[in-house]
Structure formats: C-alpha cells, structure tokens
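Given chain U, put chain P in place with the hints provided.
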Amino acid sequence: MMNWDPLFITLKLAVVTTAILLVISIPMAYWLVNTKSRSKPFIETLISMPLVLPPTVLGFYFLVAFSPGNAFGNWINEWLGLKLVFSFGGLVLASIIYSLPFMVHPIQSGLSILPHSLTEASQVMGKSKWTTLFKVLLPNCKTSLLTGIVLAFAHTVGEFGVVLMIGGSIPGKTKVASIAIYDEVEAMNYGAANFYATVLFIITFCVLLMVYLINGGYLKRFWK
Amino acid sequence: MIKIDIHKKLSAYDGTMNLYIQCQIEKGEFVTLYGESGAGKTSTLRILAGLLKPDKGEITLDNTSWVDTKNKIFLAPQNRNIGYVFQDYALFPNMTVLQNLEFASKKGQDKKVISDLIEMMELGDLHNRKPQTLSGGQQQRVALARALVCKPDILLLDEPLAALDYKIRLKLQDYITRIHNEYGLTTLLVSHDIGEIMKLSDRVFVLEHGKISRKGIPNEIFSNKKISGKFKFIGEVLKIEPQDVVIVVSVLIQNNVVKVIADKSEVQSLNIGDKVMVASKAFNPILYKIE
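As you go down the protein sequences, you meet chains U and P in turn. Numbering-wise (our numbering), the first sequence opens with residue 18 and increments by one. Numbering-wise (our numbering), the second sequence opens with residue 4 and increments by one.
Bound-form chain P, shown alone:
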C-alpha cells in the first residue's frame, strides 16, 4: 500500500499552483489520475518517482518511508523500486531493444525476466532493432517492458498512449491490462481518455487545480445519472445544430462522428468540447455485419 500526503508549490504558466495530494493506493490496484492539463497530474507522478522533491509531507510504501520531510528523509529515485513510462518513452537511442531492457536490470538479477517480457510484449522480432527504427506503438511496448524489468513496486504511466492512433491504443490497453494482472502490479496511470480510464482502472482520482476533488470507481465519476442503458459510449461534443423542431448534436466517439437527436432542455447544459455519454436502451438494436 502506498500512502501519499504531500504539498508542493509549483510554478505554472499563470503564476503558482499549490499541489496538495492525499491518497492511498492499495497493492494490486489500478488507479488513474484524471484532470485538465496543468492540474498537477504529471507532477504527482514525478514526486512519487523522486524526480521532484515535495516541499512538505510524507510518502510511505508499506512500512518504508520514501519521503518524510519532518525527519528529512528523501529517498533518491535510484533507491525506489519504480517503473516509469515517460510521455516520450525515453528509450535510449544508442541501445537496441534488448540492450534497453538489459540496462534496466539490476546487478545480478535473473535475466529470465527479460526474455519473459520480450515474449509477453511480443518483441521477439524487434530485439536487435534500435528504437528510432520502430513505430510509435512498438516503442511504447518496449518502454512498458523496460519499466517492468526491475519488478517495480509501483508502475507509473504518464499518458503513455496519448501519441498513438486509436487502433494501436486499443491494442496497447490490452497489453497494459495483461501485464497489470499477470505481474500483480500496482499501477498509477495519467490519462485524459475517459474510454481508456473506464476500460483499465479500478479507481479514478480527479485532479483539479492541484487537489484531488473526487475519488471513486470510473462509472460513478463519469456519469452522474444512473442509466440502465445497454449500450454506452463516451464521446466529445463537436457540433450542436438546431434543425426545425429538434437539435442535432454531433458526438465524436472513438474515431467516429455520431449524430444524436436531442431536445432543447437536454442541450441547455451542453457546450462544444464537453464529454458526454451516449447510451441507448436495447429495445431496437440493429446489427450490421461489418467483416
């Protein structure tokens, strides 16, 4: 279990922001940090990793103190057992895929982990390639595998899938689920993508202006109403067009634009860019064969 209770003053683009994070992450849990850009998600991850020093507070893993400003304890990142996947993957360009993984292993560590990870992440054909010759999705798989070589106490993922296109993202979400379960990991993910969060996480922390404003399971957090819909999709409002009696709302769901008819009262609270859920009761589903 990881207990976090920290404060740090951050300089943001519009002055300073106070980051106050208080939370607990249970062993084996998959938690997502969700929030707008600049809310302090990445800073929280960096503080956990030891790449950023908090001004005040404590971080404890089970019974080990990582940070305790009262007793002047600050464990360097080298001494915390962490897997970190960076936004830009941070693969070492001078090393092959295999060398990247080997570099991450500790002295005297069993090399079997590496061959297991290569197999699991399906990197077998790529192990002699340099990172810059790989596609984005392949690089991401290498970065994930590399972060797991040290068998981390906690895996930190900083928007790992943001730069990838939709199809590859889905595939990598499966990889993440698989490694999380297989290795019994404790995982903290930073993500903007509600669909992704729903699919992957046990709990969500919503971060607003440096504070956790809400915690809960994804379903509770992202839908205020209890809908007994059979089909539920998360999307973003692109257009709201009044037409005669009804209003047509265009919603981007994954990579498709869907038009939904709504009435005036429903649209009142909607703005372009809002995240919405499109749900349908299943009394008239129609099936199209697509493949």
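With the rest of the complex left out, here is chain U:
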C-alpha cells in the first residue's frame, strides 16, 4: 500500500504557496514597474536571489532565524503563536520566498510591456490606480499571470533543499514528495521512490505543457 501523504502535502503546499504568492506579487510587480525609487535595484536583487542562491543557504538562515532558541524565533512563537521551524507554516513561508521570483518576474514583465497610454487613458477617465490595475492592466496580461501561477506552482512542487532544512522530514506533516523520494532511495525502496518520482514527473510535465499550450494560442477557444 502506497503512502499518499507526501504527495498530498506537496500539493497542499504548492496550492497554498501559489495562492498567497499571487496576492502579494501583483502589488509588488506593479510597484516595481511604476516606481522611480532608488531602492528598486536592491529590491529586485532580493526578489531574484532565490534563483541563484543554493536552497540550503535559504533553509539554513530560516532555521537559524525562526528557531525558538533565539530571540526572534522565540518572539514569533510566543506573540504570534507560530512555530515556523519543522512545521507546515514554516514550509509555506519558506516556499513563498523561494518561489517569489517565479511569480513576480512574469507579472512584472507582463505589466511593463503594456503601453503606458492605457494607464493614462484610464486616469484621464477619472479611474483610480486600483481600478486601472484590476480592470485594465491585469486583464490585458492574463498570459503573464498564468505563467506566474504555473511556474510558482511547479517550482514549489520541485523544492527540495529549503523544505528539507526548515521542515525536517516529519511524516504526515512536513515530508513532501521530493524528500520522500530521497528517503526511499536511502532505504533502498526503489519501487516507492519510483512511484513518487513518476507522479511528480507527470504533474510537472502536465502543468508546464498547459502553459505552453495556452500561451501558444492552441487552446484559445477555452481561454478568452
């Protein structure tokens, strides 16, 4: 009997992370496109860091920062009642940061290629920034939004280093599929490893294929 828990945890993590990322990335991308602030390059660098930083570095600092053994981790634990180390909440937070560039970058580039006159036309009509963003700008970069959602989802499914460091590998709680594969291989259970690996392979293939089909216009009739 296969243990489906790691797969469920992976999916749950990916869905929650993607949903939260979508909500926070839209204002972030909008700010990056419109700001003239000198801090922009620094913020952009920070957002892009997870692309190049080894996941273990991120995981390590999370572990240190949120450990109840130090002041900050202790404060979060006592005041917010959040235990972020070796918990699902911690996994979500780490995943959000780890997948942030995969959501922000597509939305940012989608917004930045829209002609500026669209925003100005909407302003002249008396519409607020938010109305302009949600009624005019975002509906005109649907494909970028979709790319962001799918990449963030797929990237979260494929996480290993960060979730291992901050989540540990607690069965039924923080053991995601990618870690389960590693564990099964270590225990010489190649059958079980193969099962998880195949499922992940199929999920990521389908998800990415969907992006290319939709953005390539093959499914235009269904996406209008």
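Hint data in this document are derived by calculation from the structure and do not stem from the laboratory. Just so we're clear, the structure is a prediction, and the values are computed from it rather than from any experiment. Check each hint, because a few of them may be wrong.
Computed spacing ranges between beta-carbons, pair by pair [said to hold, decoys possible]:
1. U:K159 / P:Y23: 41 to 47 Å
2. U:F218 / P:T19: 55 to 61 Å
3. P:E105 / U:L70: 29 to 35 Å
4. U:I130 / P:E223: 41 to 47 Å
5. P:N66 / U:N51: 31 to 37 Å
6. P:E269 / U:K53: 49 to 55 Å
7. P:K202 / U:S145: 35 to 41 Å
8. U:G234 / P:D8: 51 to 57 Å
9. U:P132 / P:P245: 31 to 37 Å
10. P:S68 / U:P85: 56 to 62 Å
11. P:K6 / U:L70: 57 to 63 Å
All C-beta atoms, glycine included, are put in the ideal place defined by N, C-alpha and C.
What follows is chain P alone, placed relative to chain U:
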C-alpha cells in the same frame, strides 16, 4: 475659458528644452498646436491633462484652479474633466467597443450619452467587437467617442489622424468637426497637417522650441501673402528641376503629385520639403468629370 501660463524643463534628445506656454483658449474654440517634432506640442497637452507636472505656473478653467504652483495646487488627471485621444488610441484590448465606452462613464451617469455617441460616430455595427479587430479609422472613431463620454470641458487630440491614410483622414475630420459643433466642445488639436488645420481650426498656435512664436487664424499663419486665388492647395515640395528656361517644381498635394512651373526668382527661397501653397486665379479653370 482656459488660461495657461506654465513653465517646464523637458529633457529632449539634444539636451534640455524649456517649455514656456502662455495662452488662452475660449470656450467653444477649436485651437491647433502646430510645430516641428520636439517643439513641445504633446508635452503641452500632457500638462493640460495632468499627466505631466509643470515646474511653475498656473492653469485655470473658468474659475477653477487646475494648477497653481504658488499655492501648491495640482489637480490629478482623475479630477479634471478631460477627453484625451492618444496617438495610439489607447483602447482597452480586453473590452469590447461598448465596454470601452461604458468604462469611460462616471458613476451614476446617464447611459444615453453612450448610445448617442455610438449613433453619431456610426459604431452601431461594431459595438460588440474587440478593438484589435477594427481598422485604424474605426479604432479612431471609438477613441473619439470614448473621449466624449464624460462630456469633457476640453477635448485634447494628440495627432489623432497621423496614422491614417488620406481618404479616412478626410472622413474623420468631418466627424471631428461634427462633434465639436454638436457638443459645443472646446478642442485643442496637435497636428502637422496644414490642410487639416485649415479645415478644422479657428486659431493656430505655432510652437517653436517650447515657445508659442505666433498665434492667429490659420489663413494668416500659413500664407504670408494675401492671394486672391480661387483655388488654393497646400502641399510639400518634392523636387525642383531646372529645365531649359523654366523650373519645374513637383508638389505633393494631399496624395497627388502636381508639377508647377516657376521661374528662378520664385524658386530661390524654396527647398525640398518646404510647405507651399499652390494657388490659381480662376480665369481658365477646366473641369474634368471624374465620376
């Protein structure tokens, strides 16, 4: 009446340019800003719309202050009642023609304006289409209609017809005249096309290097001589070819090339690319039936 007295330092491709605009536009007037590229025409329009902040100065509409840098007043574009037609039309691709117009209406505004405009601009057959499926001229009509939904105090047109071919341009000029008169609009147009300016505007402001160098009615501005010609056409010099005794000047008038014979003294001040007026006294007009 709109009073404008503003200054702004603009960064141009060859350094900075100081834009000083002082003028008045009466209610119901049709005024054109004419000048070379980079003279500050579009910037003037953008400052009026509130899309660009002037460094110094005042803009007042009747008794309302839109801009007053001394008293730190700057009305956001949202709070000025303006119709703006952009060079690229700026129609929202995610909305149909009708939705584009509806988006432009204010909360609680009577929807009758929209149906009136659709009828007037002859958009009835197109109202369910998305902008990208329309031709340039159709898009322009939608953009014009959309700019009028809010019943603007001033209509700003930024070279609205530049991208269209000649025939459609003529037709749209008629639409512009019609809406200007019917809605009693105050209109400020940016245009390069002298023929268009002659046809549409009451007054012309000529902009040179950020300053209004001349103001006046189009006829005065564009022809230095008083000619009592019966036929007058505005064109551009394409070629100047000396031939035996005379010189043949090829002039592009609208979309036809016309050859005009001139003598040496007349040609002296002419260069290729100059705008000229071709006039003829009507002692020997010949009529050809063309249709």
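Range agreement (Cβ of P:E223 with Cβ of U:I130, hint 41 to 47 Å):
Once the Cβ atoms are compared, 45 Å apart, the range 41 to 47 Å for P:E223 and U:I130 holds.
Distance restraint hint 31 to 37 Å, applied to the beta-carbon atoms of U:P132 and P:P245
Cβ of U:P132 to Cβ of P:P245: about 48 Å, so the range 31 to 37 Å is violated.
If I claimed the Cβ atoms of U:K159 and P:Y23 lie 41 to 47 Å apart, would that claim hold in this structure?
The hinted range 41 to 47 Å holds for U:K159 and P:Y23, with Cβ atoms some 45 Å apart.
Within 55 to 61 Å: is that where the Cβ-Cβ distance between U:F218 and P:T19 falls?
Since U:F218 and P:T19 have Cβ atoms about 59 Å apart, the given range 55 to 61 Å holds.
Could you tell me whether the CB distance from P:S68 to U:P85 stays inside 56 to 62 Å?
60 Å, holds
Can you let me know if the beta-carbon spacing of P:K6 and U:L70 is within 57 to 63 Å?
58 Å, holds
Beta-carbon spacing of P:E105 to U:L70 - inside the hinted bounds 29 to 35 Å or not
48 Å, violated
C-beta pair P:N66, U:N51: status relative to the range 31 to 37 Å that was hinted:
Between P:N66 and U:N51, where Cβ atoms are some 34 Å apart, the hint holds.
So the hint says 49 to 55 Å: do the beta-carbon atoms of P:E269 and U:K53 match that?
Since the Cβ atoms of P:E269 and U:K53 sit about 54 Å apart, the hinted range of 49 to 55 Å holds.
Mind checking the hinted window 51 to 57 Å against the Cβ distance between U:G234 and P:D8?
52 Å Cβ-Cβ, so the 51 to 57 Å window holds.
CB-CB spacing for U:S145 and P:K202 relative to the 35 to 41 Å hint:
39 Å, holds
Hint violations for this structure: numbers 3, 9, all remaining hints satisfied.
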